Amino acid sequence: MLETCPKKRMVIGITCLAVVTFFVLIVESRWTIEERKAKQYIVENNTTCGLTEDWIVVKKCHPCTDFEIASKNPSACVHTHNKEILRCKSGETVIRSCISAAWIDQRRFWIFECSITANIKMTGKLYIEIHTNRSNGDATDKQVSIESYVALYVYEFCDKPSSIELNFVEHNEDSRTDDFPLMLNIDQFQYKQIKLDRDNHEVSDLKMPMFVKESTSIAGLCAVCREIVSEYCGEKNRQELLGFKGSCLLAPAECSIWTKFCEIDIIDAFKTIQKMSFENDGALNNELVIPYAFSRFETHMSQPVRIHNIYKLARDKANGLTELPGSNELDKGDGQLKKSKVFIKSSVPIKDLNIDHHFAEGCFITLADVILYACYSLCFTQMSAINKLRETIPLTFNWFENVTKKDEAFKTTFESILLLTPKKDSEENPNISYTKEETENCSLYKSDPKRYKPRDRIYTKQDCVEESLEQFSRLNISATSETGKHFNEVDLDCDAMFFDSYPEVGDLPEKRIVRKKQQLENLANAVISIAKKGDRIVDFCSGSGHLGIILAAMLPKCHIIFLENKAISLKRARDRAEKLNLKNCSFYQSNLDYFIGKFDVGTSLHACGTATDIVIWQCIRNRAKFVCCPCCYGSVTSMPHISYPRSKTFNTIMDEKKYLYIAHAADQAHNAEKTECNREKSVQGQYCMDIIDTDRKLMAEEAGYNVILTRLQPEDCTPKNRLLLGII
16 MLETCPKKRM VIGITCLAVV TFFVLIVESR WTIEERKAKQ YIVENNTTCG
66 LTEDWIVVKK CHPCTDFEIA SKNPSACVHT HNKEILRCKS GETVIRSCIS
116 AAWIDQRRFW IFECSITANI KMTGKLYIEI HTNRSNGDAT DKQVSIESYV
166 ALYVYEFCDK PSSIELNFVE HNEDSRTDDF PLMLNIDQFQ YKQIKLDRDN
216 HEVSDLKMPM FVKESTSIAG LCAVCREIVS EYCGEKNRQE LLGFKGSCLL
266 APAECSIWTK FCEIDIIDAF KTIQKMSFEN DGALNNELVI PYAFSRFETH
316 MSQPVRIHNI YKLARDKANG LTELPGSNEL DKGDGQLKKS KVFIKSSVPI
366 KDLNIDHHFA EGCFITLADV ILYACYSLCF TQMSAINKLR ETIPLTFNWF
416 ENVTKKDEAF KTTFESILLL TPKKDSEENP NISYTKEETE NCSLYKSDPK
466 RYKPRDRIYT KQDCVEESLE QFSRLNISAT SETGKHFNEV DLDCDAMFFD
516 SYPEVGDLPE KRIVRKKQQL ENLANAVISI AKKGDRIVDF CSGSGHLGII
566 LAAMLPKCHI IFLENKAISL KRARDRAEKL NLKNCSFYQS NLDYFIGKFD
616 VGTSLHACGT ATDIVIWQCI RNRAKFVCCP CCYGSVTSMP HISYPRSKTF
666 NTIMDEKKYL YIAHAADQAH NAEKTECNRE KSVQGQYCMD IIDTDRKLMA
716 EEAGYNVILT RLQPEDCTPK NRLLLGII
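Number 743 marks the last residue of the sequence shown (our numbering); no jumps.
There could be a bad hint or two in this list.
What the hints assert, rightly or not - Listed next, with one range per pair, are the computed distances between beta-carbon atoms: (1) I583 <-> S105: 51 to 61 Å; (2) R405 <-> L435: 15 to 25 Å; (3) E525 <-> V698: 21 to 31 Å.
Said to hold, decoys possible - As a list, the in silico EDC-like pairs of lysine to aspartate or glutamate whose alpha-carbon atoms are at most 16 Å apart: (4) K613 <-> D212; (5) K613 <-> E217; (6) K421 <-> E255; (7) K581 <-> D608; (8) K222 <-> E162; (9) K286 <-> D478; (10) K572 <-> D550; (11) K222 <-> D212; (12) K228 <-> E217; (13) K140 <-> E107; (14) K672 <-> D478; (15) K613 <-> D214; (16) K500 <-> E730; (17) K548 <-> D615; (18) K210 <-> E171.
Hints listed in this document are in silico derivations from the structure and should not be mistaken for laboratory results. Predicted model, so just to flag it, every value in this text is computed and none were measured. Note that the Cβ used here is the ideal one computed from N, Cα and C, for glycine as well.
Please take these sequences and the hints and turn them into a complete structure.
Shown next, in the form of structure tokens:
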């Protein structure tokens with residue numbers, strides 16, 4: 016019934032229900048006997064005047080502070096989290112617990128109702144980067160990047176959710192990073208336009224497009240598009256685009272091949288096409304190589320479908336119980352509809368199940384189809400000889416047509432938001448042709464078994480490690496972390512003050528809790544030793560916020576930024592900070608590379624592999640101090656802006672392959688005192704950790720930093736116990 020009810024009537028009905036609820040509450044409060052004396056709890060040992068003598072109320076019942084509740088001092092705050100101050104006839108002043116006064120409950124109720132009303136009206140803000148094209152003298156021409164166009168495409172496809180406020184942020188011409196901007200049909204949108212202000216950190220700290228919701232800023236194309244879809248509440252069920260359990264494109268691009276393809280690779284493909292089109296414009300004889308991402312997607316579409324419960328879906332399709340293309344027709348015998356029952360065993364290979372890749376993720380349209388359709392539509396308008404392109408990537412064109420037929424909104428949305436001049440199909444030039452590069456015969460899913468090729472992996476063979484260590488010895492550099500400088504001298508007394516920032520709330524064993532506290536105290540003390548009043552401190556890879564919350568509490572005059580790419584972890588951090596009433600915090604759901612803001616101190620505790628090097632790179636870019644405890648040395652991987660070895664000194668004697676041998680051996684570092692561990696391997700692993708971190712130390716020193724390489728104390732608080740502290 017609800018799905019057939021018009022949206023306007025539903026809104027009117029909900030509004031009337033809310034008015035009636037408010038009226039009932041007001042009437043009920045009038046009839047309540049306000050003079051009734053509430054129960055008090057006398058909890059202080061010396062608080063006797065409440066029972067044996069007269070007293071007066073000095074301060075009425077009011078809430079205890081978060082610190083008083085956490086520290087259980089005064090003890091009157093334990094029972095009800097509210098306290099009342101009395102003065103006895105004898106002159107003694109005492110504190111007792113009390114039940115919250117009616118006005119406090121009423122105030123909280125109305126604050127809650129007002130906040131709910133505000134959230135119903137507007138729950139999120141979408142920020143889109145735009146530039147004004149002044150080349151033709153018309154200041155109304157607005158240009159957007161390809162990433163911003165895709166976000167706007169999803170926004171338009173979801174019928175412009177009313178709960179989202181659209182903001183166009185005008186950037187200066189000198190800040191443009193896109194060589195081929197797209198002309199936006201600005202009249203299609205209702206929006207607010209603001210100028211980029213570097214002091215407005217909500218707007219300037221993260222790359223756009225960006226989404227802000229519930230005091231959390233979200234960057235990354237796929238994450239932003241997921242938020243837009245989740246806000247949709249129209250007649251069409253667009254939230255189905257999020258797929259099974261809402262997991263479509265949920266994993267960050269840093270750890271998901273599929274998300275990276277939809278967020279980065281396909282965007283780069285369009286930029287390649289734009290460049291190729293610009294460079295070959297007017298050429299009469301060309302053999303063009305299509306972008307590598309096009310070849311990968313074509314191969315992906317040729318692979319067996321990989322979805323949840325695929326055997327049930329195959330049985331339903333075979334028995335005509337689903338709307339999937341190719342389902343068995345119902346037999347019309349004796350005027351009755353009959354189904355031919357088909358049984359399919361789970362032992363049947365997936366490739367023989369007759370489940371085809373009609374859409375990007377299998378049999379159903381998802382958010383991935385929306386993003387890819389937006390990009391491919393744009394690419395096809397900029398390419399010549401489309402019929403010849405179809406011959407090169409036929410499966411991609413089949414997918415494109417399936418999506419267009421499934422929902423006409425795909426095509427109408429594309430036609431409405433951009434002002435484009437399509438390229439003419441140059442069939443008059445028969446010499447134009449397309450070729451594609453060879454790709455791995457596997458899908459774009461990380462879990463595809465075909466992707467596992469042991470022969471292509473680098474193993475830590477001992478002779479290779481020894482050869483690499485011998486090369487390092489030629490530098491005549493001392494690689495040691497035994498400097499005698501430690502940061503565990505100050506006891507932060509976190510148990511009494513900030514216990515909720517620690518992992519006791521989970522099911523960790525006691526020994527692990529103790530070790531975690533020791534790690535946090537080392538990092539927190541190191542940051543406190545170099546931070547100053549007014550600093551912006553970024554807790555990179557913050558996880559659930561254990562370190563950041565301690566810093567926010569210990570450094571109230573500093574601003575702490577929690578940067579984490581997993582939404583559920585960041586939500587835990589935000590909830591804990593709100594519970595402790597910490598006001599000096601910001602929360603960013605983003606990959607490390609999408610953070611472009613200014614800051615003074617960067618820190619990370621066990622940022623895995625390359626993440627530690629990105630953190631240090633971010634700090635050097637900002638000339639900021641850093642405190643890093645690395646982890647997962649064997650996971651380091653070269654990136655466009657991160658290469659190995661890191662320092663110029665190491666690059667003079669060692670290539671990347673030899674360097675990775677040492678990095679892999681560093682992950683063999685264990686507690687050498689444990690009998691179950693190979694002592695020789697553990698000692699070697701400890702030495703290899705020092706070598707990798709010495710390379711990082713030298714790289715920072717080459718950039719003008721003074722760097723300390725030391726160890727956490729006690730050293731057995733974690734096998735990965737190295738600490739890098741850099742100041743400038």
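Tested hints:
no. : hint                      : in the structure
1   : I583 <-> S105: 51 to 61 Å : holds (55 Å)
2   : R405 <-> L435: 15 to 25 Å : holds (20 Å)
3   : E525 <-> V698: 21 to 31 Å : holds (29 Å)
4   : K613 <-> D212             : holds (13 Å)
5   : K613 <-> E217             : holds (12 Å)
6   : K421 <-> E255             : holds (14 Å)
7   : K581 <-> D608             : holds (15 Å)
8   : K222 <-> E162             : holds (10 Å)
9   : K286 <-> D478             : violated (45 Å)
10  : K572 <-> D550             : holds (8 Å)
11  : K222 <-> D212             : holds (14 Å)
12  : K228 <-> E217             : holds (11 Å)
13  : K140 <-> E107             : violated (54 Å)
14  : K672 <-> D478             : holds (14 Å)
15  : K613 <-> D214             : holds (10 Å)
16  : K500 <-> E730             : holds (13 Å)
17  : K548 <-> D615             : holds (11 Å)
18  : K210 <-> E171             : violated (23 Å)
Of the numbered hints stated above, those contradicted by the structure are hints 9, 13 and 18, listed in ascending order.
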